[in-house]
Amino acid sequence: MAYELRVTARCSVEDLGEASDAPFDTLAGHAIVEGFRNKHWAEASTVKIVGSGAGTRTIRRLQYGQDNRGAMWMDAENGVLWLCAAHDRHRSGEPDDAFPYFDLLLADGRLYPVDKDYEALFRDRANRLIDSIPEEADRLVSAARDLPGQEVRGHLGSVAVTLVVESVADVGDELFVAVSMREADVKQLAIVLAALVPEAEVFDAWRFASSLPTRGLDEPAAEVAYSTVLPPR
Amino acid sequence: MSYEVAMRPMLTTARFPRGGAAAEQRREAQYLFSHVTVAESPTVLVLDLRDEFIDSGALYQLVVPLAEAIRQRRMGHYALVVATDDDATIEVLRSLSCEHDLPLLVTRDPNQLQAAEPASRMSPAKASVFSAVKHSRMSTVAQVAGSTGVGHTSASNLLADLVSQGYLFRAEGSGRQGHVYIHPASATTEVYGEDEEAGLLEPFARDLDAVAEATGRPREELLAEAWREYLGNHSEILAAAYSQAAEMLRHGDRDGLRRMASASAKERAAGAAERAKR
Numbered sequence: 590m591a592y593e594l595r596v597t598a599r600c601s602v603e604d605l606g607e608a609s610d611a612p613f614d615t616l617a618g619h620a621i622v623e624g625f626r627n628k629h630w631a632e633a634s635t636v637k638i639v640g641s642g643a644g645t646r647t648i649r650r651l652q653y654g655q656d657n658r659g660a661m662w663m664d665a666e667n668g669v670l671w672l673c674a675a676h677d678r679h680r681s682g683e684p685d686d687a688f689p690y691f692d693l694l695l696a697d698g699r700l701y702p703v704d705k706d707y708e709a710l711f712r713d714r715a716n717r718l719i720d721s722i723p724e725e726a727d728r729l730v731s732a733a734r735d736l737p738g739q740e741v742r743g744h745l746g747s748v749a750v751t752l753v754v755e756s757v758a759d760v761g762d763e764l765f766v767a768v769s770m771r772e773a774d775v776k777q778l779a780i781v782l783a784a785l786v787p788e789a790e791v792f793d794a795w796r797f798a799s800s801l802p803t804r805g806l807d808e809p810a811a812e813v814a815y816s817t818v819l820p821p822r
Numbered sequence: 506m507s508y509e510v511a512m513r514p515m516l517t518t519a520r521f522p523r524g525g526a527a528a529e530q531r532r533e534a535q536y537l538f539s540h541v542t543v544a545e546s547p548t549v550l551v552l553d554l555r556d557e558f559i560d561s562g563a564l565y566q567l568v569v570p571l572a573e574a575i576r577q578r579r580m581g582h583y584a585l586v587v588a589t590d591d592d593a594t595i596e597v598l599r600s601l602s603c604e605h606d607l608p609l610l611v612t613r614d615p616n617q618l619q620a621a622e623p624a625s626r627m628s629p630a631k632a633s634v635f636s637a638v639k640h641s642r643m644s645t646v647a648q649v650a651g652s653t654g655v656g657h658t659s660a661s662n663l664l665a666d667l668v669s670q671g672y673l674f675r676a677e678g679s680g681r682q683g684h685v686y687i688h689p690a691s692a693t694t695e696v697y698g699e700d701e702e703a704g705l706l707e708p709f710a711r712d713l714d715a716v717a718e719a720t721g722r723p724r725e726e727l728l729a730e731a732w733r734e735y736l737g738n739h740s741e742i743l744a745a746a747y748s749q750a751a752e753m754l755r756h757g758d759r760d761g762l763r764r765m766a767s768a769s770a771k772e773r774a775a776g777a778a779e780r781a782k783r
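Listed in order, the protein sequences are those of chains A and B.
Counting from 590, one number per residue, gives the positions in the first sequence under the working numbering.
Counting from 506, one number per residue, gives the positions in the second sequence under the working numbering.
Just so you know, not all the hints are guaranteed correct.
In silico lysine-lysine, DSSO-like type, Cα no more than 30 Å apart, as pairs [to be verified]:
{"id": "1", "chain 1": "B", "residue 1": "782", "chain 2": "B", "residue 2": "631"}
{"id": "2", "chain 1": "B", "residue 1": "771", "chain 2": "A", "residue 2": "705"}
{"id": "3", "chain 1": "B", "residue 1": "782", "chain 2": "B", "residue 2": "771"}
{"id": "4", "chain 1": "A", "residue 1": "705", "chain 2": "B", "residue 2": "782"}
{"id": "5", "chain 1": "A", "residue 1": "705", "chain 2": "A", "residue 2": "637"}
{"id": "6", "chain 1": "A", "residue 1": "637", "chain 2": "B", "residue 2": "782"}
None of these hints come from the bench; they were simulated from the model.
Bound conformation, chain A alone (with noise of 0.2 Å):
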């Protein structure tokens, strides 16, 4: 699975000292954002964690150069990899160590990402959703119309889709789609179907799929699909 890299607005403004909601481009010029980039935290032969906490809770360090450590948290639930907090003077043991500030921080309650963090996320991704229509939906119904019988997976922003064109005879091509309801509301989903085939001007024009033609709903994924005859073309 993808994980989107975020930096959490507490450590932007106090850490990075930028604004709040500073675009992580505008973040990458912090070195630790660099290196939180760059995927320096992948290539770690060593996993060093802040605090105790486990599993799903682990926060790990980050280490880019000298001086500059950071602290990780991997939201699974969300798909985010957080940047929670950053430290540009570390000097192990010292008064500047960056780790007894990490803990510090974890001990106030104020490392993991909060309300202000997630709302900016979702309307990114809102967002994200809306720039990808109509050009790319557009553009995978034609490339699934191109390939009959095989899925043709993408994203509509942050919402992963998978569609299957199954020739009928008599009827035409009938379009399943599949939508990945993990990121994703109800609002959203009638967004992405109505993006899809902006021909089926009402819902009736749908159909609750309880597969693809090709394999059964992805669990993990939170599938549900839908099925329309698409419109000759």
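With the hints as your guide, set chain B onto chain A.
Here is chain B on its own, set in the frame of chain A:
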């Protein structure tokens, strides 16, 4: 109704008394007791006694018959939590609970049901089992046995006692799925299906971790099940949203689409942040 939503008790709060002299409070107590309806599904009734001086007779007239009715299951499936920050009232409640064997939970803050403690003293083993369920909010026998060190049979018996006494609820298991024991702190005021559609995901999502832990089922599987159940039962909500989206797409109303796509951002964020704290 979905599995996890069905497991969450409903939360009802009644403020008592609303001021007045002793005689008036006693009439109010009788009135309140007579208006507590039979609960067909698990319900947590919080009596919020804060802020007003309470007459001890009125307290007796309300709490004793109510708690006795709950213990005897004459009122259906209730758990009774009394919220008071007055030490003397807490002492009176403890005495009443011991004297009349009443299933009373006491908290100083009605918004902190997790902090509610039984008014009467429990045996160490039973207190430990109660505490284990309180910690996770929903637990199976195996989980309680594992976390307390109490043997499986003893844990099962103690949990059954706590249910019969009115301190916990039990959701019946089936097949390989054991019973799930539920602490009153998991109660919710939200009624599934009555929220704005924008927030419909969140009532599921808030409880998924606890249900997943209690049932041993993967969180993702519960989410998938919840969505299919919801969309199967409420296709009219999706149909309405679809009409709205199709209309906006026809008119190129991208601002409207952005507002629609982000309508649930705040509600979803609150739920996600709450889970990130755990």
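Structure-based check of each hint:
Taking the CA atoms of residue 782(B) and residue 631(B), the gap is about 29 Å. The hint holds against a cut of 30 Å. Distance hint between residue 771(B) and residue 705(A) is fulfilled; the C-alpha atoms sit about 8 Å from each other, no more than 30 Å. A distance of roughly 17 Å separates the Cα atoms of residue 782(B) and residue 771(B); the hinted pair therefore holds under the 30 Å criterion. For the hint linking residue 705(A) to residue 782(B), the alpha-carbon distance of about 14 Å falls within 30 Å, and the restraint holds.
At most 30 Å may separate the alpha-carbon atoms for a hinted pair to count; residue 705(A) and residue 637(A) meet this at roughly 28 Å. A threshold of 30 Å between alpha carbons decides the hint, and for residue 637(A) with residue 782(B) the separation of about 21 Å falls inside it, so the pair holds.
Consistency note: the structure conflicts with none of the earlier hints.
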